[in-house]
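Peer 1: As a plain string of letters, each chain reads:
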Amino acid sequence: MEIQEIFGVLKEKFGDAIIDLVNEPPSDPFINVVPDKLFDICLELRDNPEFDFDYLMCLSGVDYPETLQVVYHLYSLNKKHKVVLKVTVPKDNPKVPSIERVWRSADWHEREAYDLFGIVFEGHHNLIRILLPYDWEGHPLRKDYKEPETYHGIRVPY
Amino acid sequence: MGLLDRLDNPFETGGIILGTLEDVLNWGRSKSDWYLHFGLACCAIEFMSMNASHFDFMRFGIIPRATPRQADFIMITGTVTLKMAERIKVLWEQMAEPKYCISVGSCANSGGPYWQYGYHVLKGVDRIIPVHVYVPGCPPRPEAMEEGMMKLQSLIDQQAIFRKRQRIAEEEALLKNKI
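If you read the sequences in order, they're chains A and B. Per our numbering, the very first residue in the first sequence carries number 9; after that it's consecutive. Per our numbering, the very first residue in the second sequence carries number 445; after that it's consecutive.
Possibly wrong hints are sitting among the right ones.
Claimed, not checked - Keeping only pairs whose Cα atoms sit at most 27 Å apart, straight-line, the calculated BS3-like set for lysine-lysine is:
no., chain 1, residue 1, chain 2, residue 2
1, B, K533, B, K475
2, A, K154, B, K533
3, A, K90, A, K21
4, A, K154, B, K527
5, A, K19, A, K45
6, A, K151, B, K527
7, A, K45, A, K103
8, B, K533, B, K595
9, B, K543, B, K595
FYI, nobody ran anything at the bench for these hints, they're computed from the structure.
Input sequences plus hints: build the corresponding full structure.
Peer 2: Written out as structure tokens, the structure reads:
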């Protein structure tokens, strides 16, 4: 399926929850969606035999000046087509529904995004830090992050 | 004339070599070091080839140990993150005296490429444990690690065992004069 078709079918089913399709080559075309309906949209993308997206290639976080963004790269191993979903949330309340129950590979990806960006995935069964120590303060990949002076009595700056 | 004649030809039958007991012990110690290998990053990949047949690390009399209790020295090969730093400290404290540390690669020496924006990287393993030999490189060639090993051996060769307290007092006096 082409991205236009996928967008059309989704728009028909979910209406306002699908914001727009951005298709600017050479970058991959992507669909902006609202956070509230994300879980249902993902379920549809996985279970509808026309889409058959059975593989979550990547889940990444992005830090913009005003907002935080989560990007989902999906691929269908049978149909050989792919789609990119983007969800934008405000920085003061970065809550995105977890899609861990749709694709199990999202489990650790979401923990990583939480660890490094502080994006809270609601409904995740075990949303704890995955890379940094559990008692770490702050989320280091945010642009306004300041590295700590000491960690457990060890000086951190060079 | 008995003893002195035999000193001239020490390797003939019945020959003798004069030396101190300390030298003999140090000679034995420096040629049979067991190490706790602590591979953390790409330096550990280089260390694998060091252990393999081409460079053959074991010809230094070295045997890898999986536990700090049996190790004489520890090789820190790679990037030390703050999370791992505490584990390294515990391992170092578990090792029996006398113990030594070789820091291999730029990351373990000083943070390496992560020196500026590495919020999670320890900028040099010498911030948590004493380091006896630094091996520079990113990652160092196995030859460089061999050189580091030989440096450690010569360090052990010169160590005081019996005159330890006296030697330490002398060193402290020297340090005081320097400061």
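Peer 1: Decide, hint by hint, whether the structure agrees.
Peer 2: Against the structure, the hints come out as follows:
| no. | hint | result |
| --- | --- | --- |
| 1 | B:K533 x B:K475 | holds, 26 Å |
| 2 | A:K154 x B:K533 | holds, 26 Å |
| 3 | A:K90 x A:K21 | holds, 19 Å |
| 4 | A:K154 x B:K527 | holds, 18 Å |
| 5 | A:K19 x A:K45 | holds, 12 Å |
| 6 | A:K151 x B:K527 | holds, 22 Å |
| 7 | A:K45 x A:K103 | holds, 13 Å |
| 8 | B:K533 x B:K595 | holds, 23 Å |
| 9 | B:K543 x B:K595 | holds, 15 Å |
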